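Residue numbers (the numbering used here), protein chains in the order written: chain A, 1 to 96; chain B, 1 to 363.
These are calculated hints, taken from the structure and not from any lab test.
Hints should not be assumed to be uniformly reliable.
List time: in silico BS3-like cross-link candidates among lysine-lysine, alpha-carbon distance up to 27 Å [claimed, not checked]:
{"#": "1", "chain 1": "B", "residue 1": "Lys217", "chain 2": "A", "residue 2": "Lys49"}
{"#": "2", "chain 1": "B", "residue 1": "Lys173", "chain 2": "B", "residue 2": "Lys210"}
{"#": "3", "chain 1": "A", "residue 1": "Lys36", "chain 2": "B", "residue 2": "Lys210"}
{"#": "4", "chain 1": "A", "residue 1": "Lys13", "chain 2": "B", "residue 2": "Lys103"}
Every value quoted in this text rests on a predicted model; they were computed, and no experiment measured them.
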Amino acid sequence: MSAPALSLELKPKLAPKSKLRLDPKTGKYLLLYPEKGLLLNPTGAAILKLCDGEHALSAIVATLAVEFRGEPLVLQEEVLTFVQGLLDRGLLQAAP
Amino acid sequence: MTRERRLYTLIAELTYLCPLRCVYCSNPTNLAAHPDRLSTADWLRVFQQAAELGALQLNLSGGEPLLRRDLEELVSGAHALDFYSNLITSGVPLVRARLVSLKEAGLNSVQVSLQDSVASESDRIAGRESFQQKLEVARWVKELDLPLTLNVVLHRQNLARIADIIALAESLKVDRLELANAQYVAWALENRSALLPSQAQLDAAREVAKAAKERLKGRMEVLFVLPDYYSDRPKACMSGWAKHYLLVSPDGLALPCHLAHTLPGLDFDNVQERSLADIWQNSTAFAAFRGEAWMPEPCKSCERREVDFGGCRCQAFHLTGDAAATDPACSLSPKHGLITEARAQAQQSPLIPLGLRYREIRR
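Please put together the full structure from these sequences, using the hints given.
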């Protein structure tokens, strides 16, 4: 059973338990949550910086397409998969 | 997380004192030998040094960390260093206003322990009336929009109620539910025959947890931790000795794990005498079980040696008398019979209920 695709109107935001921070030792971003952390690649970090409850997924994809000069449809797939994964883990929430 | 040695998490065991007397407490059984010796300034210095070493996570633990009157100040110091701080508490003693202060000081998350879904059973295992207070604290945490982890230690006396425990966690809107089978070291080892579950109990509970995990995806994270007595492979204890974690005891000992100071022959340094960086890099006790040089066979040539690092040093010592032995939880250990015997005993219900030994200060 696969979950229904995410709407591009959805505005994701960090869950109360998630904290995005720079790791001064590596210069890379991490998503911290109780007792654990996810090491982020540059795309992941760029997505999460925009997960403020203000930006819709469509806007996030558009911004990333400029920043990473990527093919929008490929990026869209990447963003949706990434965001869905973090929604499933309760690290992101959908803003009302 | 990287596979390289890198400090990620500082566990600050602020005090071993606790109003509860849980029969599986993970503190050492010689509590009195490690009284509170660190001042507020000492702890803040330790936090600073840990941050400089690269630590990102700070667990404020104990005993009961709420017994430290300077907890707000410590949380505030952790916040200034940009730590992800996690308060690991029984919820006793706490009033709502203090939780508000802790949040205002920058606390990131709260883990509350619960012993069972039934008040009388929870209180019996905790050795004190505390169930209602714990539920109240859990509600305050959610009202204040702090992330809530509920930790329930599982054993043969509460495994049958795992579905009720999950339902209770759901009703409390818990973000993360840790269903962790007891680790049979320290107090839990003394109570092992009364706590170790049977295979059938575990299998049934694991199915319930698995279904709940799937059903609650995205709402509540459900973790089910098997006891290593039934896993046939040892746990990757602390993700490797002195690799990602550093723990400081109430009397200031810098340790690789919760019970390392119960191992003989290792000289652990005190944070009042040596910097954390110096200890992390140069302490002989930290070097003792790092890497693979210390490993005996069958670990030395095992393909899983980088997966589980030979298991738990404390379990190895407390069961075999040798801290450098392969963890007997591993089926390849020559001492694995110690585990299978305990397991065999646990398949039968005792004819008379076994007494529990409560945590206490032994002088």
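So, going through the hints one by one against the coordinates:
Simply put, B:Lys217 and A:Lys49 have alpha-carbon atoms about 24 Å apart, close enough for the 27 Å limit, and the pair holds. In summary, the hint linking B:Lys173 to B:Lys210 is supported, as the alpha carbons are separated by about 19 Å, within the 27 Å threshold. For the suggested pair A:Lys36 and B:Lys210, the alpha carbons sit about 21 Å apart, so the restraint of at most 27 Å is met. This hinted pair checks out: A:Lys13 and B:Lys103 have alpha carbons roughly 20 Å apart, not beyond 27 Å.
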